[in-house]
Amino acid sequence: MATLTDEQLDYIVADLYAHGIRLEGLRDNLLDHICILVENKLDAGGDFEAAYAAIIPTFYRRELYELEEEALFLASLRGPYVVLSRGWFFVLAFALVLGPWLAYIGQWWFFQRPMGDIRSSFDVIGMACVLDVYPVLTVFVLFLTPNRFDPLIPWGSKILLGFKPLIRVLPQPAASGNTIFP
Amino acid sequence: MVYSTELLKGTLKTIVLKLLADNKKMYGYEITQRVKELTQEKIQITEGALYPTLHSLEADGLVTTETEYIGKRVRKYYTLSVAGKTRAKEKVSELASFVQTMTLLLDLKPKAI
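Going line by line, the protein sequences match chains A and B. So that you can map any letter, position 89 of the first sequence is 89 in our numbering, and since no number is skipped, the others follow by simple counting. One gets our numbering by counting positions in the second sequence from 1 and adding 1000 to each.
Chain A on its own, in the form it takes in the complex (with noise of 0.2 Å):
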């Protein structure tokens, strides 16, 4: 049975991404499919440079790119979730909470003036802040979000928080397309 090299698969990969497929986990679907399809066509008799022409016009109506919309237009159907992407994450947490206390020190280191008996709260709080819960919670959306949105590892893409998803990581483009069956 015929296999691709690794040069062939590079050459589907960067072609599907040239088409506009930039969401991992259909890449490889998709790349493992169309290798399938190639090899038993190859097996058939043939060369890779035709089979892989014939076939990926098979694979949508009018661009490529339709699956990828397709696949993100039914992951913006789920349900209303709260949705915060990872940049403003971290804004939120840093003025909610690192902010605060920076100002506060920032304020006292530049008049020299602590301000009497609610310096003790705030180091307190502000010290937690800096030593457990800022880190914590970047260490967790580090961990648990991807750098980009794949609606393939969704579970990966939130954060959970009381079974609730607290943060999910936004595709850049808007999803849109209808398209079920190209």
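Zero decoy hints are in this set.
One side of the interface only, derived from the structure: several residues of chain A facing chain B at Cβ under 7 Å: (1) D6; (2) L26; (3) N29; (4) D32; (5) H33; (6) C35; (7) E70; (8) L74.
No lab work stands behind these hints, which were simulated from the structure alone. Using N, Cα and C, we set each Cβ at its ideal position, and we do this for glycine too.
On the provided structure of chain A, position chain B as indicated by the hints.
Chain B only, in chain A's frame:
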């Protein structure tokens, strides 16, 4: 005769869930081939419809995946989750009821494919 896409719309999830319920774990190409084989090629699931549906099922937590490396490429196997098994039964039952209703509505006599 290959059925029109209009007829197949709305049934794809049920088809995939039922196949996974019957076959433990499957990958994309295998699903398309199994459907072809079972329906004597009257239903041909396109890749453009299958993969977004699989992704959607995964996103809904109805299927889980495991990957197998074949050289440099990755093969994703899909398996029904516990919720997926329940949903598969519900969807098949719903579709069976729908077919029954259509049979009555259109005054059809069931026959083998």
